[in-house]
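J.: In the order they appear, the protein sequences are chains A and B. Under the working numbering, the first residue of the first sequence carries the number 423, and numbering increases by one thereafter. Under the working numbering, the first residue of the second sequence carries the number 2, and numbering increases by one thereafter.
Please note: incorrect hints may appear among the correct ones.
To be verified - Chain A is nowhere near these chain B residues, computed Cβ spacing over 12 Å in every case: (1) G30; (2) D49; (3) E67; (4) P69; (5) D216; (6) T302; (7) P315; (8) A333; (9) K337; (10) R376; (11) P380; (12) D385; (13) R388; (14) E389; (15) A393.
Said to hold, decoys possible - Pairwise CB distance ranges, derived in the manner of DEER restraints: (16) B:F53 <-> A:R746: 45 to 55 Å; (17) B:R391 <-> A:F626: 51 to 61 Å; (18) B:E389 <-> A:D518: 46 to 56 Å; (19) A:N455 <-> B:D79: 42 to 52 Å; (20) B:T302 <-> A:R746: 47 to 57 Å; (21) A:D479 <-> B:Q8: 43 to 53 Å; (22) A:A682 <-> B:E67: 52 to 62 Å; (23) B:G106 <-> A:E683: 38 to 48 Å; (24) B:P281 <-> A:Q451: 44 to 54 Å; (25) A:T681 <-> B:G194: 25 to 35 Å; (26) B:G194 <-> A:E683: 37 to 47 Å.
Claimed, not checked - Here are some of the chain B residues that sit facing chain A, going by a computed Cβ distance under 7 Å: (27) M2; (28) A3; (29) F4; (30) N5; (31) L9; (32) A145; (33) V148; (34) H162; (35) I170; (36) S174; (37) T271; (38) V273; (39) F405; (40) G406.
Derived from the structure by calculation, the hints contain no laboratory data. Cβ atoms here follow ideal geometry from the backbone N, Cα and C, with glycine treated the same way.
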Amino acid sequence: MSSPSIILAGAGAVSSAGWGTESLFNAIQESRNLPTELSQREGSPSHVQIRRVPKPDTPLAFMRNPRLRRSSPISRYAVAAALEALGEERHAQVIDSTYRLGVLFVFMNGCVNYSNRFYGEVLNDPSLASPILFPETVFNAPASHLAAMLESRGPAYTLIGDSAQFLGGMDLGIEWLLDNQVDGVLVVGSEELDWLSTEAASLFSSNIIVSEGAGAVLLEATVNETDFPKICGITPAFSYGNDRSRSQATAQLMEALPTAEGLQVQYGLDNDLLDISSILGNALGAGLALQCTYTQTALANQNVSSAQVIHVGSNQQAIGAWFRA
Amino acid sequence: MAFNAEQLTTTSPPSRVFVTGAGIVTSLGLGWEVNAIGFREGRAALRDISLFDTSRQRTSRGGEVELPTIIDQRQLTDRQFRRLDRASKLLLLAGYEAWDQARWGEHERQLAPPVVIGTSAGGMSLGEAYYQQAASSTRRHGQATRVALYQPQSQVLTLSHSLGINGPISIVSNACASGADAIGQAYRLIRSGRAECVITGGYDALCQLVFAGFDSLQALTPGLPRPFDAGRDGLALGEGAAVLMLESEAHAAARDASLLGEIGAYGCATDVHHLTQPHPQGLAALASMTAACREANVSPTDVDYINAHGTGTPKNDVAEGAAIQQWAGDNAAKIKVSSTKGSIGHLLGGAGSVETVVSLMALQGQWVPPSLNVRTPDPVCTFDLIREPRTAKVDTVLTNSFGFGGSNATLVLRRAS
Numbered sequence: 423m424s425s426p427s428i429i430l431a432g433a434g435a436v437s438s439a440g441w442g443t444e445s446l447f448n449a450i451q452e453s454r455n456l457p458t459e460l461s462q463r464e465g466s467p468s469h470v471q472i473r474r475v476p477k478p479d480t481p482l483a484f485m486r487n488p489r490l491r492r493s494s495p496i497s498r499y500a501v502a503a504a505l506e507a508l509g510e511e512r513h514a515q516v517i518d519s520t521y522r523l524g525v526l527f528v529f530m531n532g533c534v535n536y537s538n539r540f541y542g543e544v545l546n547d548p549s550l551a552s553p554i555l556f557p558e559t560v561f562n563a564p565a566s567h568l569a570a571m572l573e574s575r576g577p578a579y580t581l582i583g584d585s586a587q588f589l590g591g592m593d594l595g596i597e598w599l600l601d602n603q604v605d606g607v608l609v610v611g612s613e614e615l616d617w618l619s620t621e622a623a624s625l626f627s628s629n630i631i632v633s634e635g636a637g638a639v640l641l642e643a644t645v646n647e648t649d650f651p652k653i654c655g656i657t658p659a660f661s662y663g664n665d666r667s668r669s670q671a672t673a674q675l676m677e678a679l680p681t682a683e684g685l686q687v688q689y690g691l692d693n694d695l696l697d698i699s700s701i702l703g704n705a706l707g708a709g710l711a712l713q714c715t716y717t718q719t720a721l722a723n724q725n726v727s728s729a730q731v732i733h734v735g736s737n738q739q740a741i742g743a744w745f746r747a
Numbered sequence: 002m003a004f005n006a007e008q009l010t011t012t013s014p015p016s017r018v019f020v021t022g023a024g025i026v027t028s029l030g031l032g033w034e035v036n037a038i039g040f041r042e043g044r045a046a047l048r049d050i051s052l053f054d055t056s057r058q059r060t061s062r063g064g065e066v067e068l069p070t071i072i073d074q075r076q077l078t079d080r081q082f083r084r085l086d087r088a089s090k091l092l093l094l095a096g097y098e099a100w101d102q103a104r105w106g107e108h109e110r111q112l113a114p115p116v117v118i119g120t121s122a123g124g125m126s127l128g129e130a131y132y133q134q135a136a137s138s139t140r141r142h143g144q145a146t147r148v149a150l151y152q153p154q155s156q157v158l159t160l161s162h163s164l165g166i167n168g169p170i171s172i173v174s175n176a177c178a179s180g181a182d183a184i185g186q187a188y189r190l191i192r193s194g195r196a197e198c199v200i201t202g203g204y205d206a207l208c209q210l211v212f213a214g215f216d217s218l219q220a221l222t223p224g225l226p227r228p229f230d231a232g233r234d235g236l237a238l239g240e241g242a243a244v245l246m247l248e249s250e251a252h253a254a255a256r257d258a259s260l261l262g263e264i265g266a267y268g269c270a271t272d273v274h275h276l277t278q279p280h281p282q283g284l285a286a287l288a289s290m291t292a293a294c295r296e297a298n299v300s301p302t303d304v305d306y307i308n309a310h311g312t313g314t315p316k317n318d319v320a321e322g323a324a325i326q327q328w329a330g331d332n333a334a335k336i337k338v339s340s341t342k343g344s345i346g347h348l349l350g351g352a353g354s355v356e357t358v359v360s361l362m363a364l365q366g367q368w369v370p371p372s373l374n375v376r377t378p379d380p381v382c383t384f385d386l387i388r389e390p391r392t393a394k395v396d397t398v399l400t401n402s403f404g405f406g407g408s409n410a411t412l413v414l415r416r417a418s
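I would like the entire structure built from these sequences, with the hints used as guidance.
T.: Printed below as a string of structure tokens:
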């Protein structure tokens, strides 16, 4: 029996360019100048530039789900991106248990809106802190909401790491597929804006434009010929350490990647390759998810026949992947 | 870890996965020996928390660890060593013990073993300090360091740096199932042949945000935690860490390693019932136990002991009990069950890994630890609820971990042979 191919069977996005992969793709193709604003908190000396996700054109139907009633933007963005990546047919199969779905939720900051609110209440008077807020501060609350909304009872993991973690999530999703634990894996990266994380990001870069949003890809394994883009490889994650600096990790990553051809989408390299964060803003843990989503769309649209995604993370790892149409 | 479509090999028989090193830190003390004695004798180690103000909470007790005044620096730089936060110290102490017990060295460093660790809060106390300064002052001094070090990758990278390894890192944050899911994922890396050796485990340190959060939900007992007692009224929070060194059978055999036990299987499932409450019948718990036992090819008659999640909250214990009943069927009465959370509290992201080490202790020592503080067992306990320390034949153990958000995980452990 031939080895299966791992395909990108779907993609979804919510970004400062709007809701959906089409908005993301067009904004990047056109190098659109997306609006920014200043994040200012009363009493704070920080004035950080941000790019928000615009309000959706129409009300989000999925917000009628009771699990999402109190959710913060990180969950809403994730659900929107996941539903787009999964598609209605697959979602119906998940609900009737004919499709085993795995969920991998990846981020760097997580549920900062509710953490900010809840801890503020704790400092004010812990005996009055709201029990409604606390569960939404837990790192895996968004993954839980997503799995519940999709009615997916398979594995649902939350992975935390620096901004390069999303490809580690895809790598784990491939393991689940090759081990036949699931029929498909949704890998979702999502972040939300809050002064807590915005001001923190500005401590490391004075000219950063902090953003938010979510990217999602649906991975499947197939032995059949297919029109979906294929994942050819994911490099090891080159962790930073006392024996491997960030620049050394980057050099090892570049050696591990095959000779570049086609589209190259990078973050963290000092070169002229496409860096979509220069258009969207820095979406932190969701940034690499949006890199992958954009790449999937470019390959699926037949704009390019091959692509590489390269991401040099802030404080943990450098990693890359290569794809073909 | 890493994927290359051109190098996919045909499926080889799954490797057996052995534990060759284990380190543990709980409020009972530091290390395998003191913890084994504590769990074997049914000691409790809950005390008034000194780390933050609890005067406005419903309870002030928890499983706070007494950290040693001196910690080995190993391969950490002076700067890294000076910056160690509480969570990192817990993880390091467990990691050092596991590394030393496994007798890993340069050969394993060259393999760049993956590190798969679970946590629910990382270095949250540093995040709290960042918040307090940002909210009350315009000073930025020290803030960048707090931001960098509160993130969970900081603690896990610190462990890697201290041991001189630079393998890929995965941090699983599935709430209270984090540690068990991390071990399960590490087990699968070896079982599938993707790695020969993996460092795995979990940790969490007590912090104000989480303590106040559980208190706000009225999930903390104002008295003693009484898992599986009919009158239980909540859990106690604890802190700690456990780290395990996992090896393939071939790797362990090649170096004639001492075996502490075998990870026989891992099962997981998601409970979509409610964000903070389990399905009343424990359907996802049943699914994770069933999946793990199917993979291990064991039936309820083969299982000697279940280290239950057993938080001591009204809803968790009855749901888990119902799942055990349904899973075990007519064999329920013969299966020994206990929760060790009455001794050390609920370690959240560290719970699954610490309870895996407790289960290994039971397999090694041929005893089962008791559920403390049970006065009248809940009617759901149709199984053999262990209330006093007991010597027993223990060859196969299940350990359950169920988390906020519906993460359910079960590991099957076997006596090494």
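J.: Could you run down the list of hints and mark each one as holding or not?
T.: Status of the hints after comparison with the structure:
no. : hint                          : result
1   : G30                           : holds, 29 Å
2   : D49                           : holds, 16 Å
3   : E67                           : holds, 24 Å
4   : P69                           : holds, 24 Å
5   : D216                          : violated, 7 Å
6   : T302                          : holds, 26 Å
7   : P315                          : holds, 15 Å
8   : A333                          : holds, 24 Å
9   : K337                          : holds, 29 Å
10  : R376                          : holds, 28 Å
11  : P380                          : holds, 28 Å
12  : D385                          : holds, 30 Å
13  : R388                          : holds, 32 Å
14  : E389                          : holds, 35 Å
15  : A393                          : holds, 33 Å
16  : B:F53 <-> A:R746: 45 to 55 Å  : holds, 54 Å
17  : B:R391 <-> A:F626: 51 to 61 Å : holds, 55 Å
18  : B:E389 <-> A:D518: 46 to 56 Å : holds, 48 Å
19  : A:N455 <-> B:D79: 42 to 52 Å  : holds, 47 Å
20  : B:T302 <-> A:R746: 47 to 57 Å : holds, 51 Å
21  : A:D479 <-> B:Q8: 43 to 53 Å   : holds, 45 Å
22  : A:A682 <-> B:E67: 52 to 62 Å  : holds, 55 Å
23  : B:G106 <-> A:E683: 38 to 48 Å : holds, 42 Å
24  : B:P281 <-> A:Q451: 44 to 54 Å : holds, 52 Å
25  : A:T681 <-> B:G194: 25 to 35 Å : holds, 29 Å
26  : B:G194 <-> A:E683: 37 to 47 Å : violated, 31 Å
27  : M2                            : holds, 6 Å
28  : A3                            : holds, 4 Å
29  : F4                            : holds, 5 Å
30  : N5                            : holds, 4 Å
31  : L9                            : holds, 4 Å
32  : A145                          : holds, 4 Å
33  : V148                          : holds, 4 Å
34  : H162                          : holds, 5 Å
35  : I170                          : holds, 6 Å
36  : S174                          : holds, 4 Å
37  : T271                          : holds, 5 Å
38  : V273                          : holds, 4 Å
39  : F405                          : holds, 5 Å
40  : G406                          : holds, 3 Å
The structure fails hints 5, 26 (numbered hints given earlier, in ascending order).
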